[in-house]
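Undergrad: According to my numbering, the stretch in the sequence shown is residues 1 to 293, in order.
Just to be clear, a hint being listed does not mean it is correct.
The calculated lysine-lysine pairs, modelled on DSSO-like cross-linking and capped at a C-alpha distance of 27 Å, are [what the hints assert, rightly or not]:
{"id": "1", "residue 1": "Lys158", "residue 2": "Lys54"}
{"id": "2", "residue 1": "Lys216", "residue 2": "Lys235"}
{"id": "3", "residue 1": "Lys24", "residue 2": "Lys114"}
{"id": "4", "residue 1": "Lys203", "residue 2": "Lys114"}
{"id": "5", "residue 1": "Lys203", "residue 2": "Lys231"}
{"id": "6", "residue 1": "Lys241", "residue 2": "Lys231"}
{"id": "7", "residue 1": "Lys150", "residue 2": "Lys54"}
{"id": "8", "residue 1": "Lys24", "residue 2": "Lys241"}
{"id": "9", "residue 1": "Lys216", "residue 2": "Lys203"}
{"id": "10", "residue 1": "Lys150", "residue 2": "Lys203"}
{"id": "11", "residue 1": "Lys54", "residue 2": "Lys24"}
{"id": "12", "residue 1": "Lys216", "residue 2": "Lys241"}
{"id": "13", "residue 1": "Lys223", "residue 2": "Lys80"}
{"id": "14", "residue 1": "Lys235", "residue 2": "Lys223"}
{"id": "15", "residue 1": "Lys223", "residue 2": "Lys241"}
{"id": "16", "residue 1": "Lys241", "residue 2": "Lys203"}
{"id": "17", "residue 1": "Lys223", "residue 2": "Lys203"}
{"id": "18", "residue 1": "Lys80", "residue 2": "Lys158"}
{"id": "19", "residue 1": "Lys150", "residue 2": "Lys231"}
{"id": "20", "residue 1": "Lys24", "residue 2": "Lys80"}
{"id": "21", "residue 1": "Lys158", "residue 2": "Lys203"}
{"id": "22", "residue 1": "Lys216", "residue 2": "Lys231"}
{"id": "23", "residue 1": "Lys114", "residue 2": "Lys158"}
{"id": "24", "residue 1": "Lys158", "residue 2": "Lys241"}
Worth flagging that the hints you see were computed from the coordinates, not collected in a lab. What you are looking at is a predicted structure, and each value in this text was computed from that prediction instead of being measured.
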Amino acid sequence: MTLPQVGYIGLGIMGRPTALNLIKAGYSLHVYARRTESTQPLTDAGAVAYDSPKALAAVADIIFLNVSDTPDVEQVLLGKGGIAESARQGQIVIDMSTILPVQTRQMALRLAEKDITLLDAPVSGGEAGAIAGTLSIMVGGPQAAFERAKPLLDVLGKNIVHVGESGAGQVAKACNQIVVAGTIAAVAEAITFARRNDVDAAKVREALMGGFAGSKILEVHGKRMLDHDFKPGFKSRLHQKDMHIVLDTARQLGLSLPISSQTTQLINGLLGLGEGELDSSAIIKVIERMSQQ
Numbered sequence: 001m002t003l004p005q006v007g008y009i010g011l012g013i014m015g016r017p018t019a020l021n022l023i024k025a026g027y028s029l030h031v032y033a034r035r036t037e038s039t040q041p042l043t044d045a046g047a048v049a050y051d052s053p054k055a056l057a058a059v060a061d062i063i064f065l066n067v068s069d070t071p072d073v074e075q076v077l078l079g080k081g082g083i084a085e086s087a088r089q090g091q092i093v094i095d096m097s098t099i100l101p102v103q104t105r106q107m108a109l110r111l112a113e114k115d116i117t118l119l120d121a122p123v124s125g126g127e128a129g130a131i132a133g134t135l136s137i138m139v140g141g142p143q144a145a146f147e148r149a150k151p152l153l154d155v156l157g158k159n160i161v162h163v164g165e166s167g168a169g170q171v172a173k174a175c176n177q178i179v180v181a182g183t184i185a186a187v188a189e190a191i192t193f194a195r196r197n198d199v200d201a202a203k204v205r206e207a208l209m210g211g212f213a214g215s216k217i218l219e220v221h222g223k224r225m226l227d228h229d230f231k232p233g234f235k236s237r238l239h240q241k242d243m244h245i246v247l248d249t250a251r252q253l254g255l256s257l258p259i260s261s262q263t264t265q266l267i268n269g270l271l272g273l274g275e276g277e278l279d280s281s282a283i284i285k286v287i288e289r290m291s292q293q
């Protein structure tokens with residue numbers, strides 16, 4: 001069976017290792033990034049670089065997209081020099097960015113007019129998951145397109161769920177970020193509480209890992225907090241963007257999300273300290289400052 005020609009747009013902290021995994025799996029890869037130096041690791045591995053999304057779309061059957069925010073996605077898909085200008089009937093675009101669900105549905109409808117299918121497929125797992133190919137991928141869009149894209153998604157992740165129709169993947173990712181942000185804040189409070197009580201916080205974490213409080217967040221982010229090692233697996237400024245998506249969508253629906261509102265304020269505080277490039281586990285720096293520790 002002939003493998004599809006695959007495009008990848010957006011080669012940042014998540015996109016670069018994800019794209020490399022597709023090359024390792026034997027796919028012919030066509031890449032584009034706003035910063036041309038970002039394409040170098042991919043072209044060194046055999047990918048072909050293009051000077052615009054439009055040029056890339058002329059040769060790719062399935063196109064992955066992994067950029068920062070909703071306006072970036074819209075520009076790449078529908079803007080001048082974007083995918084829609086040269087896309088062909090039957091193409092699939094897989095958007096792994098985290099963006100607003102409502103805009104995702106709107107862009108899917110506009111692309112469908114050209115017989116192009118948009119799958120929203122945001123991910124969880126951070127840079128480590130992208131490198132290892134163990135991401136959790138939450139997919140929204142038509143079932144038939146999902147089945148066609150599934151072999152490629154299997155290269156990139158271990159937990160791949162077709163959540164529902166267009167926008168459902170973005171809703172699932174927003175739910176993921178609600179849980180992650182709230183749990184990071186809770187772990188930061190627990191570690192700070194242990195330290196202020198003159199108890200070994202590392203031993204407390206070890207004890208909690210064996211009970212109901214045990215979680216991936218406690219395991220990974222808790223260790224980062226203990227070590228004060230905040231090299232980003234997921235940058236705080238991006239987590240802030242994701243939480244704004246949560247709260248903007250909640251406002252549209254008339255929902256009250258008090259925990260999400262509070263944890264967003266902690267992330268805002270971290271950015272207020274000029275630490276937006278740090279991992280979101282650095283929330284503990286805000287709590288420590290509030291506690292005068």
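Undergrad: For the pair we were handed, Lys235 and Lys223, check the Cα-Cα distance against 27 Å.
TA: holds, 17 Å
Undergrad: Measure nothing beyond the straight line between the CA atoms of Lys158 and Lys241; if it is 27 Å or shorter, mark the hint as holding.
TA: holds, 26 Å
Undergrad: Check the hint pairing Lys80 with Lys158 against an upper bound of 27 Å on the C-alpha distance.
TA: violated, 36 Å
Undergrad: Has the given pair, Lys158 with Lys203, been kept, meaning a C-alpha gap of at most 27 Å?
TA: violated, 31 Å
Undergrad: For Lys150 and Lys231, compute the direct alpha-carbon distance and say whether it is at most 27 Å.
TA: Measuring from Cα to Cα gives roughly 32 Å; hence the hint is violated.
Undergrad: Given the hint that Lys150 pairs with Lys54, test it: the Cα-Cα distance must not exceed 27 Å.
TA: holds, 24 Å
Undergrad: Check whether the Cα positions of Lys54 and Lys24 lie no farther apart than 27 Å.
TA: holds, 25 Å
Undergrad: Quick one, are Lys216 and Lys203 close enough, alpha carbons at most 27 Å?
TA: holds, 17 Å
Undergrad: Is the straight-line distance between the alpha-carbon of Lys223 and that of Lys203 27 Å or less?
TA: holds, 11 Å
Undergrad: Lys216 and Lys241 were given as a pair; does the straight-line alpha-carbon distance stay at or below 27 Å?
TA: Satisfied, since the Cα-Cα distance of roughly 22 Å is no more than 27 Å.
Undergrad: Run the distance test for Lys24 versus Lys241: straight-line Cα separation, threshold 27 Å.
TA: Given that 27 Å is the threshold and the Cα spacing comes to 31 Å, the pair is violated.
Undergrad: Lys216 and Lys235 were given as a pair; does the straight-line alpha-carbon distance stay at or below 27 Å?
TA: The hint holds at about 17 Å.
Of the numbered hints listed earlier, those contradicted by the structure are 1, 3, 4, 8, 10, 13, 16, 18, 19, 20, 21, 23.
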